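Starting from the known structure of chain P, fit chain F onto it as the hints suggest.
There are 2 protein chains.
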Amino acid sequence: MRRSILALLVIGLFLHSALADSPEPNQDATLDGFSMQNARTEREWESKFRALPNAQQQRDYMQLLSARPHHVGSAYDKQNAEWILSKFKEWGLDAHIESFKVLFPTPKRRLVELIAPTHYVAKLQEPALAEDPTSSQHDEQLPTYNAYSRDGDVTAPLVYVNYGLPDDYDRLQRLGVSVEGAIVIARYGNSWRGIKPKVAAEHGAVGCLIYSDPKDDGYFGGDVFPKGAMRPDQGVQRGSVMDFASNYPGDPLTPDRGDPNAPRMTASNAPSITKIPTLPISYGDAQPLLAALTGPLAPEEWRGALPIAYHVGPGASKVHLVIESNWDLKELNDVIARIPGSIEADEWVVRGNHHDGWVNGAEDPIAGQVTLLEEARSFGELLKQGWKPKRTIIYCAWDGEEPMLLGSTAWAETHGRELQEHAAIYINSDSNGRGYLFMEGSHSLEHFVNNVARNIEDPESKLSVFERDRLAGITGAKSDEDRKELRQRPDLRMDALGSGTDYTAFVDHLGIASLNLANGGEDDGGIYHSIYDDFYWFTHFSDTDFRYGIALSQTIGTVVMRMADADVLPYEFTDLAETMQKYNKDLQKLLQSKQDEAHERELELKEGAFHAAFNPRKPTVAPPPEDIPPHLNFAPLENALEGLTKSAERYKTAFNKAEASGFPGSDKLLATLNQKLLQSERRLTDPAGLPRRPWYRHMIYAPGVYTGYAPKTMPGIREAIEQRRWQEADTEIARVSKVLENEAALIDSAAADLDTLTR
Amino acid sequence: MRRSILALLVIGLFLHSALADSPEPNQDATLDGFSMQNARTEREWESKFRALPNAQQQRDYMQLLSARPHHVGSAYDKQNAEWILSKFKEWGLDAHIESFKVLFPTPKRRLVELIAPTHYVAKLQEPALAEDPTSSQHDEQLPTYNAYSRDGDVTAPLVYVNYGLPDDYDRLQRLGVSVEGAIVIARYGNSWRGIKPKVAAEHGAVGCLIYSDPKDDGYFGGDVFPKGAMRPDQGVQRGSVMDFASNYPGDPLTPDRGDPNAPRMTASNAPSITKIPTLPISYGDAQPLLAALTGPLAPEEWRGALPIAYHVGPGASKVHLVIESNWDLKELNDVIARIPGSIEADEWVVRGNHHDGWVNGAEDPIAGQVTLLEEARSFGELLKQGWKPKRTIIYCAWDGEEPMLLGSTAWAETHGRELQEHAAIYINSDSNGRGYLFMEGSHSLEHFVNNVARNIEDPESKLSVFERDRLAGITGAKSDEDRKELRQRPDLRMDALGSGTDYTAFVDHLGIASLNLANGGEDDGGIYHSIYDDFYWFTHFSDTDFRYGIALSQTIGTVVMRMADADVLPYEFTDLAETMQKYNKDLQKLLQSKQDEAHERELELKEGAFHAAFNPRKPTVAPPPEDIPPHLNFAPLENALEGLTKSAERYKTAFNKAEASGFPGSDKLLATLNQKLLQSERRLTDPAGLPRRPWYRHMIYAPGVYTGYAPKTMPGIREAIEQRRWQEADTEIARVSKVLENEAALIDSAAADLDTLTR
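Chains P and F, in that order, give the protein sequences.
The first sequence: position 662 = 661 (numbering that gives the first Met the number 0), numbered continuously.
The second sequence: position 492 = 491 (numbering that gives the first Met the number 0), numbered continuously.
Heads up, a few of these hints could be off.
Copies of the same chain are indistinguishable here, so a pair counts whether it falls within one copy or spans any two.
[Stated by the list, open to error] Listed next, the in silico DSBU-like pairs over lysine-lysine satisfying Cα-Cα at most 30 Å (straight line):
#	residue 1	residue 2
1	K605	K477
2	K461	K605
3	K226	K617
4	K617	K477
5	K226	K317
6	K605	K645
7	K483	K617
8	K226	K214
9	K47	K383
10	K656	K645
11	K100	K605
12	K274	K317
13	K477	K214
Just so you know, the hints here were simulated from the structure itself, not pulled from any lab data.
Values in this document were obtained by computation on a predicted structure and should not be read as measured data.
Same shape as in the complex, but just chain P (with noise of 0.2 Å):
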């Protein structure tokens, strides 16, 4: 469900075909965590597998998989995870189902209706369009809600709150504005959309609306469905609203299924069930209820693309709100395959896309499900061809992400305890588009992925999508120093996990090293969890020849080859380390700019100048004062950053040594030593989690509270300067540098253990 990240700014020309760099490898080049000998054999192995996914092969599996609509508990849900597992089969693969309950809520009853100062009401309902044909399957189709929201049946003022997060609130607050009591309606966008109810009901709110704006993804961005790929204005989105960033994603009922002694809940007192009624809408039904505000003129940055003068109401308006739902358990079919390990078989290679969809799912999962095919399919032809993965690598088509990634939750704290002590990476997608590849994940595999991206080519550019990412990343810099980085940093940096996918579980509860992969960015698109979201508007608007589903299988499969074949596990140190670096730098930023607000708003209040500023016919309400934040003390992150930067130097020494010397040891030297590096990830977590929401274990990365989707790094310590508990910045910077001491000792065990092959 996650959404495409960001449409980079791409600009270019056809020019220098001759710049095209060859991206397969030197069969004679080394490959991180290869001996000399290993490493022409694995590139053979992978040359053959990067052959073998096939464009029409995927566009079958999309045709069929997203032919109607299959959300959680419905009849093609279940079918396609047996058709999936019989696929698995089919390619030799060792495959099984992993059935669970789970709360999936849907809707009997949705109303929105306007009844002043003007009376509407709201459609509801997206049209069936001729030229589509499964947008007429209405009888199997979820209506447009979103799951999870609590039963309600409210009637109050309507107040706009932009994308309804901590900001604009306090921007509200000066305009002189409150929700309480009233009826908020937010835009789509910013953050998980599960914040918006969740902040709205913390400033009083009785409901929340969520709409999407055609500035966000609506004809603002090109014509819409059908005559171009972006929202038609009776388009709705649906999704979950869950509040899991502030307690666990996963089914509401059983907050760590792993854990037998972790309390069971009901749905009238789950914590993650939202506390306000809360239904998206589409523009078409918007426009009527945004016109009928009046009061202030929303912020010049509040104003979508709807042809009208966006106020912040309430004014005269009233709403009638009433959601009411069917509370029942669905079963999720987790589909599951394994090939196991010939060597070092207790080493796990985790792989994983979701197949259930809002409905009928195209782009979002089944995008993502046809590339995790075809690497599945691809690796059963090599089996067959005499190949043998060193470890073990499962493969897994999960069920229920879209409510809240029940599916991967579920299996993930069931098998939690072998998870932990076995796996060496997750590694997720859950869509895919044309255009350049997205990384995000944990930085001990930043500089391993990004040479992977070095060998596979990009099907437009004919560079390879290393090269392709960093060229178009030059030309769309915002700055010189992001230019300078993208000329002279040798990897391409990798973004923080944040949530919105299957890697939560794996990363922020379980600890294990993940990786978040998709290519996009060149096509733009707003059918996101419609029922615009089928096999005629991907074939028509997104990676139509399916060349950039190729690309992705070929990148994924090389990961999942790499890593499980590799003599030593070939997580990288140095660049964690300077990326933690980084994150103590903007941290201290953090901290310096809220200093200087304060200190600046305590001179303006104390000159005046918002009394000067003051327009009697549009009133404001000067800011409150605001404590100066303390200084705080951040010598013992900089201490643990330091010993971490020394032993990763160290190791990497250690690591190239090694290597030169073809890993010289024994079969169970190696495996003693891969199990202390799978570990590597596990030392950043903290088993008492993080302060209110201990089924984060994560010190180092976890979806925002007030984000959802997007990371905060070092979250104890970033969260607590902006929620501004000092005391709290204090205790987490301590606990932090802890866990990169204890990531430093682990890294300079290991090292000692490389010293010790070649000694």
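Only chain F this time, still in chain P's reference frame:
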């Protein structure tokens, strides 16, 4: 016709009424240019003056003057001139009308028709509104059109060019779209409107439509008229498209009335008439045209607020455009009033505001004209009470400003020699609104006008208008640097003069130190140059109680009095020198950034970055390689600036000493000194004028050839750099250096005169 320059970001709260300092000056404080004794007398007269302007009077004048359309050549325009003349006389001023014959085309035939791919005929008509009594005077209203568009009848594909400025055409080139042979549709804004057909013609277009996008002054900014102040869907901005900035303003047929040798033109060879037919349209008429475009999606920052996907075109679009005008000569009537000086009658203080409008013109120009009238009436009162200004004061109500400064230019050219000999200052206004004091002008007047602003009370905050501007500037500042400057620099920085209103001939052609003053920034509006700029609109949505009309009368009246009464003309040169130093730095930064950009482009072309970013479904063209700009010799300018700074300091010291001594010396000695000082702005001119536009003689200020409204400072140098004429840039550095050396010499000589007084 100058539109409100900017709406400051204004936010605040009435918090500290105790902070409101009294703007009424201490009667014993010094006053620049006055002996202690004369300062006391002056303050008494100024206090009396500031009590006289009356809001009801201003309201009555506005109601009368805007009661009917009063464009050039209309019966009511002439009637207004005669009424103003009668008022000046009634108040005891020596007044007369000066008339000129000028070319002023008015439309006979207008047609805009979309003929493919769909059919639409533009309405080209602003509807009457029941609420608004003068909106129905259709028989007297000028149709919606752009004056000085050449006649034409063209049928061609349509291309959207954003604001239609040179950078926009660079962007079109990147998108692979040419306007050769096309009709362009540009949106109003970001430049003088006449730049748009000029640049379009330079790129081969055959016609030009200009429309008001609702993003710029329609519903995006608030409710539309008559519910709110913004432009309704059929509202059209009339206006001149004369190419004055590359040639000369005023009557196209008489390039310089003051020069008997200047050529005399005909309508067919006058260079300031557009090269292609041009017509303005409403967004109601623009929407079907823009919606008919296909081709590349417009860049994000080009997209307005219409509910469509903005494409660049042309696709299958075809537009038929017809314009035919009456090319008659019309009569202008400037109303000129004089208060003779009692001591230095040969030194003139000139004050003007136009009286002609495009239609009823309540905001533009009557809101400015009524402030001028209340100044004149109040001076009549003071004269009766015995006030005897030392210098001659000349009040001017200009005609024909809207077509392009016809009345002020004709008068200034006709009286050019006298003005150059006698004028100490020209003070302009053009309209007025609620809010802040906007100050633009010659920098030798910066300190002077800041001091006046310190003595005028802001009607809302009760702070001085200086302090309100300063403090609100702090809350709205875009950078720490700007905030710091507002806190530390004694005077508020004054903007340079560009063009678009009646100071142009005075400052740019004659070299008379000028000011342009207005209040505004607290209200938005979208009635500019439409039939809705009328008494109903102004009294509902702008300075409804005329409190800011009074404040502007007080401000400008005080400027006039203080300038007319001072013992020594209160020019100040350290602000001038510091500002010139800043312009020098800006120019060097501009060159540096052009060099950096060219280097970066060269590198990206070499790296293949444009190839990497090429998106085959959205093809783009790489930018052409560009020569690296050479280093230029700024040494002469830097040397001249060092000299100017030293002279300014020397003068300041001498001036302060002489002032403290009460400016001892005979009237004749002082008159000699003042005659010298009065020439100081003239020293900044060069009779040869700017490259390719000799009418513009000021070497420091000019309207940009590609901006029109906005100034280019040190224009010879700046535009040479912008237009990549490197040799010319070096030549112009030398010419600017020369006038600054001349200025320094004059200042030195004046300082020596002052020293003589106190020796």
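Hint-by-hint comparison with the structure:
1. K605 / K477: Cα proximity of K605 and K477: across copies only (20 Å, versus 36 Å in one copy).
2. K461 / K605: Close across copies (17 Å), not inside one copy (61 Å); limit 30 Å.
3. K226 / K617: Answer is between; shortest inter-copy Cα gap is 16 Å, intra-copy 42 Å.
4. K617 / K477: between (35 Å within a copy, 21 Å between copies)
5. K226 / K317: For K226 and K317, only the inter-copy Cα distance (21 Å) is at most 30 Å; the intra-copy one is 36 Å.
6. K605 / K645: Intra 48 Å, inter 37 Å, cutoff 30 Å: neither.
7. K483 / K617: between (45 Å within a copy, 27 Å between copies)
8. K226 / K214: both (18 Å within a copy, 25 Å between copies)
9. K47 / K383: Answer is within: at 12 Å inside a copy they meet the 30 Å cutoff, but 104 Å across does not.
10. K656 / K645: Only inside one copy: K656 and K645 sit 17 Å apart there, 68 Å across copies, limit 30 Å.
11. K100 / K605: neither (60 Å within a copy, 58 Å between copies)
12. K274 / K317: within (21 Å within a copy, 56 Å between copies)
13. K477 / K214: This pair counts as both: shortest intra-copy Cα distance 22 Å, inter-copy 25 Å.
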